[in-house]
Amino acid sequence: MYFIGCDLGSTTGKVVLLESLGDAVDSCRIVSWALEPSGFSPEETADLAINRACEQAGISRDQVAGFCCTGYGREHVSAIPYNVSEISCHGKSASFLLPSARTIIDVGGQDVKVIALGKTGKVVDFAMNDKCAAGTGKFFEAMARTLRCTVEELGEMSLQSVAPVSISSTCSVFAESEVISHINKGVDRCEIAGGIHESIARRLMAMVNRVGLTEDVVLTGGCAKNKGLRVALEKMIKVELTEIPCDPQINGALGAALYARDAYDGEK
Amino acid sequence: MDKAMRVREICDSFRELCSVPYNESLQSYKNDGGLIIGVLYNQVPEEILTAAGILPVRIRAVGSQGTEASDARFTQVNCSLVKHFYDSAAKGRFDFIDGLVATNGCDHVRKLHENWTSVLKPAYSHLLCFPKRQGDDLQVTQLAKEIKKLKESIEAHFGVEITDEALREAIKLHNRTRELQCALYELRKGENPPITGAQMLAVMMAGTCMPREAYNAQLEELVALCQDVEGISDYKVRVVVYGGEIDSIDFFEAIESQGALIVADSLGGYGKRSADMQISLEGDLYTNLANAYLMERPAEPRLHGTRAARWEYLEKVAEEANADGFIQVFIPICDLWGYERVMFATEVEKKDLNCLVLDTEYIFTASGQTRTRVQAFVESITEGGR
Ligand SMILES: Nc1ncnc2c1ncn2[C@@H]1O[C@H](COP(=O)(O)OP(=O)(O)OP(=O)(O)O)[C@@H](O)[C@H]1O
Ligand code: SF4
Ligand SMILES: [Mg+2]
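Chains H and B supply the protein sequences, listed in that same order. At position 235 of the first sequence (counting the first as 1) the number is 235 in our numbering, and the numbers step up by one without a gap. At position 54 of the second sequence (counting the first as 1) the number is 1054 in our numbering, and the numbers step up by one without a gap.
The set of hints was computed from the structure by calculation and includes no laboratory data. Hints should not be assumed to be uniformly reliable.
[Unchecked claim] The calculated lysine-lysine pairs, modelled on DSS-like cross-linking and capped at a C-alpha distance of 30 Å, are:
| no. | chain 1 | residue 1 | chain 2 | residue 2 |
| --- | --- | --- | --- | --- |
| 1 | B | Lys1350 | H | Lys238 |
| 2 | H | Lys119 | B | Lys1236 |
| 3 | H | Lys122 | B | Lys1236 |
| 4 | B | Lys1350 | H | Lys119 |
| 5 | B | Lys1351 | H | Lys119 |
Full structure from sequences and hints, please.
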């Protein structure tokens, strides 16, 4: 039995195709997944990603027993009315993959969400950034542009930093001009990259403090693939992050797929 | 016409009135030679203005598109509400008012009143000093004096006389409004409330931007209709919203779109708190006004010594409305409600309440994030996560 979870984020659409292998809650496997840059219409992004995931698995869409959407575009896919918030989806998936997870930090393209889970894996509290992009993927992308490198390179460079520069502005626009002034002063790019990561880790920590920090701590979202961010964050919160056994960017989509399965089971 | 349809029609017409500062109803009132005074915030005893034959209209910068005009006069640490108010005033969106009355509600409002008065120079302007604490006769006596000063100032400027008889009639009229509003709140406590929280906000706000007799008449009809319409059943949880002068219907709609039906509130500006008092007609009317506005009306966080009473009121409202949770709403940088948020957090923790804190700039734009937050909140309640 197949289920699809569709996380239509502000920058990337993610689809996870899940196969449930029996009645036990944990007897299922990820068959395939697909990432698709978010286009103008969530409907289109969803279609492209779903088709690709199905193709990879060699199944047709009709074989899928249930769908669920999450992410910014979740309410705008007419064919899939069932939707669940990203907060619940990230929580669901993280506690499925790692039952000891208590704090999830999701750093996506536009939002940062910190989610506190109870012992049973239910969401007990959460915090979300305000409208400002500071501390999110968009911020990294802007900084990478300024330093003329890719986000991946930016993360790599930060790992070489020994004396990161200080970036005090929390606003992306101001932080960018701080970075430019460091460049003009001839500061080593690695130290600037280190400073950028440190400033973001500081912002994340402020949000973590709003809901409290309980181990195990999991980092999800596309930015979790940035090694530099993981290291900077671990240093800041003084806790080692626990890895989840899948691409952290598809965590929300996996949660949605699990909800799709639950809904199907509930209706049976 | 079918009753539910008529209910919707009245609510829609109220909403229409709230969608621009100078609505059709005010335009026709002005065309007939009526005078209007703009009122800043909800502590002004508007009965005095009604008794003077002047229509009090609550200032709202609805539809404001920017704050450029404010940027030179306000700082980064002023809330967006006062900036939008000033900007709209500077751009002439309130040119229809014949004067302005404010209270010293908070420092931001005072700054707004100061700038408005000194730079934009309305034909008439008055600041009523409202006591900072609830307590004893001293404060009531002081407020009664302030209300008399307002009365004398209006009389002098507009060349009118505010007789006790006129004031008595005005109080009756306003009491009737509050009574009808409370009746509507009462009906929303049931399992299938006749109208949504967004509709209720429109109902409450309309009362501050149209002639009161006409408003009461429509409200009367609405209350009667709501006695036996079918009511709303497609919601997931019942919530109480708690906060200050929130006036965005879109904001409430975003909340309710996620299945969180607003069944009651503790909102000072356009909510239950502004309706929960009746002014006595016995004895000295000025003392009665002071007593009601200061002592009887459920308190704002701005009034010292009212913390316990604020909680008691909120809990009572939630219990009566059979609410599953609270949504605290506030405008960033607002000291009063920012402080209340911190106070609330300790209370929430102690009592293990379901509570979501939502902020919105005065002009609500963060619909996506608000919807995500509310949806997650609803899910956490319905899944028994707390
Ligand atoms: N390998 C990588 N290294 C660093 N950053 C990456 C990597 N892969 C993706 N990202 C970043 O992850 C971000 C997208 O992550 P994600 O898909 O979780 O966001 P989203 O769900 O679309 O956004 P949101 O949750 O804010 O709506 C992009 O900003 C991208 O730059
Ligand atoms: S929102 Fe807060 S800070 Fe702004 S005017 Fe109102 S009470 Fe004052
Ligand atoms: Mg996301």
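Evaluated hints:
{"no.": "1", "hint": "B:Lys1350 x H:Lys238", "result": "holds, 28 Å"}
{"no.": "2", "hint": "H:Lys119 x B:Lys1236", "result": "holds, 25 Å"}
{"no.": "3", "hint": "H:Lys122 x B:Lys1236", "result": "holds, 18 Å"}
{"no.": "4", "hint": "B:Lys1350 x H:Lys119", "result": "holds, 19 Å"}
{"no.": "5", "hint": "B:Lys1351 x H:Lys119", "result": "holds, 20 Å"}
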